[in-house]
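Chemist: If you read the sequences in order, they're chains A and B.
If you count the first sequence from 1, position 172 lands on 173 in the numbering used here, and the numbers rise without skipping.
If you count the second sequence from 1, position 228 lands on 229 in the numbering used here, and the numbers rise without skipping.
Treat each hint with caution, since some may be false.
The list makes no distinction among identical chains, and a pair is therefore deemed to hold if it is satisfied within one copy or across any two copies.
Here are the computed lysine to aspartate or glutamate pairs in the EDC-like style, where the Cα-Cα straight-line distance is at most 20 Å [unchecked claim]:
{"no.": "1", "residue 1": "Lys180", "residue 2": "Asp220"}
{"no.": "2", "residue 1": "Lys203", "residue 2": "Asp111"}
{"no.": "3", "residue 1": "Lys288", "residue 2": "Glu216"}
{"no.": "4", "residue 1": "Lys130", "residue 2": "Glu39"}
{"no.": "5", "residue 1": "Lys351", "residue 2": "Glu298"}
{"no.": "6", "residue 1": "Lys351", "residue 2": "Asp11"}
{"no.": "7", "residue 1": "Lys203", "residue 2": "Glu116"}
{"no.": "8", "residue 1": "Lys351", "residue 2": "Glu206"}
{"no.": "9", "residue 1": "Lys130", "residue 2": "Asp114"}
{"no.": "10", "residue 1": "Lys217", "residue 2": "Asp127"}
{"no.": "11", "residue 1": "Lys351", "residue 2": "Glu39"}
{"no.": "12", "residue 1": "Lys130", "residue 2": "Asp111"}
{"no.": "13", "residue 1": "Lys351", "residue 2": "Asp111"}
{"no.": "14", "residue 1": "Lys180", "residue 2": "Glu116"}
{"no.": "15", "residue 1": "Lys130", "residue 2": "Asp31"}
{"no.": "16", "residue 1": "Lys203", "residue 2": "Glu357"}
{"no.": "17", "residue 1": "Lys130", "residue 2": "Asp53"}
{"no.": "18", "residue 1": "Lys130", "residue 2": "Glu357"}
{"no.": "19", "residue 1": "Lys203", "residue 2": "Asp11"}
{"no.": "20", "residue 1": "Lys288", "residue 2": "Asp114"}
{"no.": "21", "residue 1": "Lys130", "residue 2": "Glu219"}
{"no.": "22", "residue 1": "Lys269", "residue 2": "Asp13"}
{"no.": "23", "residue 1": "Lys351", "residue 2": "Glu216"}
{"no.": "24", "residue 1": "Lys269", "residue 2": "Glu39"}
{"no.": "25", "residue 1": "Lys203", "residue 2": "Asp114"}
Everything labelled a hint here was simulated from the structure, so no lab data went into it.
2 protein chains.
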Amino acid sequence: MVGSKSSGLDIDLGNHCSALAYGWARRTFDTRRGLPGEPLAGLDGQFSNVMDFGGVRLALTSDGIGTKTEIAERVGVYNTLGFDLVAMVVDDLAANGIEPVNLTNILDVDRLDAEVVDALMQGLHDAAKVANVAVVGGEIAELGSRVGGWGDGMHFNWCAAALGILAPGRPAIDGSAMKPGDAVIALRSRGFRSNGFSLVRKVLEAQLGPSWHNEKYEDGRTWGEVALTPSIIYSPLVSHLRDRGFNLHGVSHITGGGVPDKFGRILKVNGLGAFLPNLFDPHPFMKHLQGLGQLPEEQVYRLWNMGNGMLLVVDPGDLAPVLMAIHETGYQAMPAGEITPDPVIRIMGKGAAPAELSYVRAPKA
Amino acid sequence: MVGSKSSGLDIDLGNHCSALAYGWARRTFDTRRGLPGEPLAGLDGQFSNVMDFGGVRLALTSDGIGTKTEIAERVGVYNTLGFDLVAMVVDDLAANGIEPVNLTNILDVDRLDAEVVDALMQGLHDAAKVANVAVVGGEIAELGSRVGGWGDGMHFNWCAAALGILAPGRPAIDGSAMKPGDAVIALRSRGFRSNGFSLVRKVLEAQLGPSWHNEKYEDGRTWGEVALTPSIIYSPLVSHLRDRGFNLHGVSHITGGGVPDKFGRILKVNGLGAFLPNLFDPHPFMKHLQGLGQLPEEQVYRLWNMGNGMLLVVDPGDLAPVLMAIHETGYQAMPAGEITPDPVIRIMGKGAAPAELSYVRAPKA
């Protein structure tokens, strides 16, 4: 539930702080015992808690887009970050089988630029339409020097909270239905989504200099444009598959920590592992960037999504029909591997230094 | 719905940006037509929208604590800001008659200090217990130089979203029940709550120097301690009065913009005004600060709560029993005046330069 968008510099401290926060939060749950908004058991420590409102089950989650904001400041394009913001929160809900419905956002700025605010909010609107969520609240806070950023324009940090509903009669998805032999389906990402940007920026600045965003990448776009590539929003696909009656045993939104951490989190519920020989290739620019920074294969799979923004786990018998159903929607999917009984995540790394990678899954909580 | 915690430097630009944001948000409402989470009409442009979930009516709102964080950094006390954060969001819900039930928060930091995070989250826990809300989600984002602040410690900005329920059979409170002759009740605040701190800091720095927070105020506390005074949380009182069966015609949470702006917002629904000869006196330290900065009476009532954190509007026949009911709870209340038919808010200012103040209410939307 409480996560940390770490810079990658001190994951342990980030996890420690998140645990402290969760410990205090957990002790507020009894305020709602037997009342509307009572947190239901079962998703403890996951992304979203499900609350009961007299039989209506809802979940609330919050997140921000981290330092991807700097890329928008560098490129001067502000109307795509909404896709990153919406994706970060609605896809965390979708990973628990919850259909996102409403969203509220907070924009912290140093000082206001109406044109930039307008572009940001247009992007939020566009993304909300894709995700089928209504933006029902918002706040713009002028915080002066408490908000910093790149260049001379308006600087900002942006976060949101999303409210979702667990459809009547449907179970939440928490990984407890997963078993050895289940099939893993990878959903293609479009780029870095909204995680791992501290490393992206560090490598690009070291290799291409302080104005790295204006340097050309090989496909004709600038590196700034490449890095800014907006996130795909997966939640409508998850809802669609559930509406079609498919039983998703597990759904993992690949954010900070990559496949090893984020998929590992749902694998540990039943003490399982996975063999993933067939994830999507990372995007060419990810490989290129990995090469520029001479980053070990093991590290990049732990920090970036490497081309796979969400993993679905289904019964092997459902693999073909689910792939077919996904194909019809236009999302790109791949049979990536299977669930194993051992607590290890094995990945055939397809980055700049291809290698078989083996991650010992974190112990059960 | 979309507000702006302005520095007071350019209210017009803040309002313009909020209007832009609301315009885009409004156009996402149709994504939920006939579906769970459909925004209901009636609170357009107010703090919270009410959404329908098959007869269960919920509202979601978000806000942050602005630059009050700097006061905690200066004083080195972090376990009271939770009261400010919770108050900002739950009392916006309460102002619409919505009972807050759940909360999620985002803490943006430059770098992590586990001790500070622990103190912040303890305060959030303590405040959540007072407000009867369960903290069901949270995120800590490490944003490096995108977050600034005072001194050498961890710098941070903190915001939250709160989910509330409109009890079955009860109307939302939007000011439409208010009529001339209704009684206005003021609820005493404890200090600046979480608004107007740009001006607080500006005056103190100009008069007492860069280490103003260590200077003694006349009651023995430092100016830093005075400024950090945590917010009272009013939502349990509003719920209590509604549970007792009292009909609240209007509720106004006095935040940025003070009584003229925030009370004006609900007065304009029916094109009304108010005569408020008997608001609580501002706190002595507010008057002292006003004197230090030689701030005009008219200005401080528009930027600070001046001792009154919430206003309630009731039928004149309910005035005495409501005051009695409030008295029993320990909250401090005062009969402050009455609703008038003219679009003017008249206040007997009791600050450092007492004067009768007259504010023309903003026109109907």
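Chemist: Confirm or reject each hint.
Modeler: Hints versus structure:
Neither within a single protomer nor between protomers do lysine 180 and aspartate 220 lie at most 20 Å apart by alpha-carbon distance, with minima of 42 Å and 66 Å respectively. Proximity of lysine 203 and aspartate 111 under a CA criterion of 20 Å is satisfied inter-copy only: 16 Å between copies versus 24 Å inside one chain copy. In this assembly of identical chains, the alpha carbons of lysine 288 and glutamate 216 lie at most 20 Å apart only when taken from the same copy (17 Å versus 57 Å across copies). For a Cα distance limit of 20 Å, the shortest separation of lysine 130 from glutamate 39 across copies, 14 Å, qualifies, whereas the shortest one inside one copy, 30 Å, does not.
For a Cα distance limit of 20 Å, the shortest separation of lysine 351 from glutamate 298 inside one copy, 8 Å, qualifies, whereas the shortest one across copies, 68 Å, does not. In this assembly of identical chains, the alpha carbons of lysine 351 and aspartate 11 never lie at most 20 Å apart, being 26 Å within a copy and 52 Å across copies at closest. When the C-alpha separation of lysine 203 and glutamate 116 is checked against a cutoff of 20 Å, the pair qualifies neither within a copy, at 29 Å, nor between copies, at 28 Å. Taking the shortest alpha-carbon separations for lysine 351 and glutamate 206, neither the intra-copy value of 24 Å nor the inter-copy value of 57 Å comes in at or below 20 Å.
In this homomeric assembly, lysine 130 and aspartate 114 never come within 20 Å of each other (Cα to Cα): the closest approach is 25 Å inside a single copy and 38 Å across copies. Taking the shortest alpha-carbon separations for lysine 217 and aspartate 127, neither the intra-copy value of 28 Å nor the inter-copy value of 52 Å comes in at or below 20 Å. Taking identical chains as interchangeable, the C-alpha atoms of lysine 351 and glutamate 39 are never at most 20 Å apart, the minima being 45 Å within one chain and 44 Å between chains. In this assembly of identical chains, lysine 130 and aspartate 111 lie within 20 Å of each other by CA distance neither inside one copy nor across copies; the values are 28 Å within and 33 Å between.
Within a single copy, lysine 351 and aspartate 111 get their C-alpha atoms no closer than 41 Å, and across copies no closer than 34 Å, so neither meets the 20 Å cut-off. Proximity of lysine 180 to glutamate 116 under the C-alpha cut-off of 20 Å is found in neither arrangement, the shortest distances being 51 Å within a copy and 40 Å between copies. For the identical chains of this complex, lysine 130 and aspartate 31 are inter-copy neighbours only, at 9 Å across copies versus 36 Å inside a copy, given an alpha-carbon limit of 20 Å. Within a single copy, lysine 203 and glutamate 357 get their C-alpha atoms no closer than 26 Å, and across copies no closer than 59 Å, so neither meets the 20 Å cut-off.
In the homo-oligomer, the alpha carbons of lysine 130 and aspartate 53 lie at most 20 Å apart only across protomers (19 Å), although the nearest pairing inside one protomer, at 27 Å, exceeds that limit. Proximity of lysine 130 and glutamate 357 under a CA criterion of 20 Å is satisfied in neither setting, with 40 Å inside one chain copy and 50 Å between copies. Taking the shortest Cα distances, lysine 203 and aspartate 11 sit within 20 Å of each other inside one copy (16 Å), while across copies they are farther apart (36 Å). Taking the shortest alpha-carbon separations for lysine 288 and aspartate 114, neither the intra-copy value of 36 Å nor the inter-copy value of 34 Å comes in at or below 20 Å.
With identical chains, the CA atoms of lysine 130 and glutamate 219 are never at most 20 Å apart, being 33 Å at best within one copy and 56 Å at best between copies. For the homomeric pair lysine 269 and aspartate 13, the shortest alpha-carbon distance inside one copy (19 Å) is at most 20 Å, but the shortest distance between copies (52 Å) is not. Taking CA atoms no more than 20 Å apart as the test, lysine 351 paired with glutamate 216 passes in neither setting, with 25 Å inside one copy and 61 Å between copies. Taking the closest pair of Cα atoms, lysine 269 and glutamate 39 never come within 20 Å of each other, the shortest separation being 26 Å inside a single copy and 36 Å across copies.
In this assembly of identical chains, the alpha carbons of lysine 203 and aspartate 114 never lie at most 20 Å apart, being 28 Å within a copy and 23 Å across copies at closest.
In the structure shown, a violation is registered for the earlier hints numbered 1, 6, 7, 8, 9, 10, 11, 12, 13, 14, 16, 18, 20, 21, 23, 24, 25, in ascending order.
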